[in-house]
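Residues per chain, in single letters:
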Amino acid sequence: MNLNLTSKYLEIQGVAQTFKTAKGDFPALRDIDLTVAKGEFVALIGHSGCGKSTLLNLIAGLTTPTQGNLICANREISGPGPERAVVFQNHSLLPWLTCFENVYLGVERVFGNTGRVDGKSKENVTQLKARTDAALDMVGLSHAAQKRPGEISGGMKQRVGIARALAMEPQVLLMDEPFGALDALTRAKLQDELLAIVANTHSTVVMVTHDVDEAVLLSDKIVMMTNGPAATIGEVLQVNLPRPRSRVNLADDPRYLGYRKAVIDFLYTRQAHVEKA
Amino acid sequence: MPTFNLKQLVLRVLPPILGMGVLIAIWGLVSFSSTNNFPSPKETLIQAIQVFSDPFYSNGPNDQGVGWNILSSLKRVAMGFGLAAIVGIPFGFMIGRFEFLSNMFNPLISLLRPVSPLAWLPIGLLVFKGANPAAIWTIFICSIWPMVINTAVGVQRVPQDYMNVARVLNLSEWKIVTKILFPAVLPYMLTGVRLAVGTAWLVIVAAEMLTGGVGIGFWVWDEWNNLNVKNIIIAIFVIGLVGLILEFALIKLATAFTFEEVRT
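Respectively, the protein sequence lines represent chains A and B. Residues in the first sequence are numbered consecutively from 1, following this note's numbering. Residues in the second sequence are numbered consecutively from 1, following this note's numbering.
By construction, these hints were calculated from the structure, which means they are not laboratory data. Here the structure is a predicted model, which means the values were calculated and not measured. Even for Gly, the Cβ is constructed at its ideal location relative to N, Cα and C. Be aware that a few hints might be false.
Unchecked claim - Straight-line Cα separation of at most 27 angstroms, DSSO-like style, residue types lysine-lysine; simulated pairs:
(1) A:K129 / B:K175
(2) A:K147 / B:K230
(3) A:K147 / B:K252
As the list claims (entries may be wrong) - Sample of chain A residues with no beta-carbon within 12 angstroms of chain B, all distances over it, derived:
(4) T201
(5) D211
(6) N227
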């Protein structure tokens, strides 16, 4: 693997996104330039409506940009694919399938195919099931494998969503406010789990969040976005906190507090949100 | 707390009984003051017991027990409805999935849907040259619309989240249909089925009055020709009861296949 690929694993060049609406064109994003290195954890933070999720959808390939290019591992992103797995904000589990089946659906597609992306031969059902079990085990949900999403809590559903994404062994893990709908304690627990999982799998992660502590605790780089319409990247903050990180030890760490202050300063002083009437 | 439960039970059972009581009272009053021998509830009950004591007799094609009549009506409904499901559900899927087809067929559906199914009966008689297939044809026509429309709406309303999941997982079209579209559309489809069966059961009575043969609708008309009003009233209750059972069974089926929405 060459240096270029490692430092510029995911590259966003001059991306703009305009939506056509009934009231004419709505410019959501403009002039987005961003590189993400392999194994880097990047948080996108900004007020609601600043186009964070729009940017994530572009990286996921769910939408195509009006202008500019997105490149992942030296290939242009032309559509969604399992190498860029998404953890959706509302978990998006299929309610008629069990947790196991939800995860298996992705695993089967990636590893049970004859024409695999990585060129390896397809795996048999036993191997696929083992992968699914391992993914559910990683998020601590082996006991709930045979339950349907309707029978488990919100936090558990989100963990199944993470397991589904990670089980596909994606090159990039995209998370759209994955813990936004959860209570503070559950959120903290899942953040800690995510830290441990990312440390083990060395995943490249792009996460949308509006939680300052979450961004500082988890990321290597915080991308702060200006307010929309026509939002862009306002500032990029490198978070040089040693890993493994512990929320308890960081709570009174002056560097942590400094990063936290920098983000809050950006969000509430320079980009103070003006609610439209 | 047995007294509390008893009170609840009474409150649950009493209103329907009172409702029935009001109906029977009005009916009794009408028959009492009527000059043209409108049967009283009591006479009808005695007749009903007699009719249901031997529901499966057969004295030739025009004189069969009430059981046979119900069964042959149900058989026609099942055949017409089954054919409509075989045609209508895949058709609805296609209209829902492809906008072109939707634009192509929507005006046609809007034009034909309000037409009373009975208007199609002569066409059926002409084409199929028989009363029974014509009746089935009428049922087919009336039950196909709710199934096409509900299936199409269901497909259009599959949450975008699920389709995004399909795209991110890069599922094959077959997996999308079997794992996402079909289960997501099923509740809508079952609503269509329920509406279709309800309409079919309404229409079969009228269709059979016109086509004759064996069937609950024919039975009503035959008893009118015999001036046997008691049997007509019995038939009305029987038709209502069968419709109620069909509806109840399909609601039960629909609840079993309806899952919670993605948003919690």
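Results of checking the hints against the structure:
no., hint, result
1, A:K129 / B:K175, "18 angstroms, holds"
2, A:K147 / B:K230, "55 angstroms, violated"
3, A:K147 / B:K252, "22 angstroms, holds"
4, T201, "18 angstroms, holds"
5, D211, "19 angstroms, holds"
6, N227, "25 angstroms, holds"
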